[in-house]
Amino acid sequence: MRTIRENAEAILAGDQPDYYFDFMYSMTLVPDPEELRSPKPKRGGEEVVDEWGVTYQWPEGAQGPQPVARPETLAIPDIQSFAKHLIVPDVYGADWTETKRQADAVDREEKYVAIMSGCGLFERSHTLMGLENALRNYLLSPDKVWELLNIIKDYKIAYLEEAAVNIQPDVVFYHDDWGHKRNVFLPPDIWRKMIKPLHAEIVAKAHELGIFFLHHADCILEPLVMDMVDMGIDAWQGVIAQNDILEIQRVTKGRLAMIGGFDSYRLDTSSTTEADIRAEVRRVIDTYCPAGRFFPGIPNGILYTPGLMSIYLDEMASYGREWALKNPMDKFSDEALRETDYKKDNVSLVCAVA
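Under our numbering, the letters of the sequence shown match residues 69 to 422, in that order.
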């Protein structure tokens, strides 16, 4: 019987697993020291300012804290003078004591140790400037935005280096939503010029340090998936059903492991029945697992409607195992999906987290 980590590694390698499941359950996510030292807004409470000078509030009815983008609260009110306003936390001054304690408690033969790196290049830029200002600045002041992004990139790389020194994580769970439910935020040519080369440096640093790069983006990323392959992203977590997942599997040919597929945007409602949840779990597994290197899961990690999550977990546990037993990987021979020798291409990355 494989451990949960060994089962994840089988799926990552394109081999036959004991069961199909959400990769997130193979990780123990230890706290980010930056998050530990930043003040946290309470639901319906007062606004707070984080380590980067970004103001947050948790409105009633929202699922979590949101950046506040009033003119007087913006951390960077004017991109032309951003250096005067920008606050960069001292990455070398973080206290890793609690993070290390939790990492040391993990049996790494059983699970991966994962560290979160929230607010990637794009997300950090728009929390600092406000989303509308950021989108405008990417188009009208690209040189200044490029300067800002390089500073954020340097911080991200230093953070990975510190994480490696202190806990040597197996995985970095890196957040950067490059799109929304219908499309990407930036025109792809702008994204490729501004975000891609710097993000590629962050991914390369993770691999240099022996860290698996797990990119979270619960949004449309279909126009950028080959760029994700180019950058060496190991797995994309947060694949929403609004993407054409079968087409993504066809064009990436196994070179990008994916996690998601469950249509939580449609089903996380009080009108959803038990039968709806079980049918959606089965649809996701039946449709996307035959191509290999696919982990069925909820893109944002949770169903908020009371009662639905337990049904989802029950069906995932039973059908994920049943489907694996009835559908060995060697029965699938669609060359359009499986022609690339991704085992060879990714062997060093799979070994890095083994």
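Some clues are possibly wrong.
[Stated by the list, open to error] What follows is a list of derived Cβ distance ranges for each label pair:
1. P255 to T71: 28 to 36 Å
2. G112 to K168: 47 to 55 Å
3. T71 to P396: 31 to 39 Å
4. E269 to A151: 28 to 36 Å
5. E215 to D158: 15 to 23 Å
6. R389 to R176: 41 to 49 Å
7. T355 to D398: 26 to 34 Å
8. A343 to Y160: 47 to 55 Å
9. P265 to R351: 21 to 29 Å
10. L97 to E276: 32 to 40 Å
11. Y160 to D382: 13 to 21 Å
Since the hints were derived computationally from the structure, they do not count as laboratory data. Keep in mind that this is a model prediction, so the values were computed, not measured. All residues carry an ideal CB built from backbone N, CA and C; glycine is no exception.
Now the hints, each set against the structure:
no.: 1; hint: P255 to T71: 28 to 36 Å; result: violated, 44 Å
no.: 2; hint: G112 to K168: 47 to 55 Å; result: violated, 34 Å
no.: 3; hint: T71 to P396: 31 to 39 Å; result: violated, 20 Å
no.: 4; hint: E269 to A151: 28 to 36 Å; result: violated, 21 Å
no.: 5; hint: E215 to D158: 15 to 23 Å; result: holds, 20 Å
no.: 6; hint: R389 to R176: 41 to 49 Å; result: violated, 24 Å
no.: 7; hint: T355 to D398: 26 to 34 Å; result: violated, 19 Å
no.: 8; hint: A343 to Y160: 47 to 55 Å; result: holds, 53 Å
no.: 9; hint: P265 to R351: 21 to 29 Å; result: violated, 37 Å
no.: 10; hint: L97 to E276: 32 to 40 Å; result: violated, 22 Å
no.: 11; hint: Y160 to D382: 13 to 21 Å; result: violated, 46 Å
Consistency note: the structure conflicts with the earlier hints numbered 1, 2, 3, 4, 6, 7, 9, 10 and 11.
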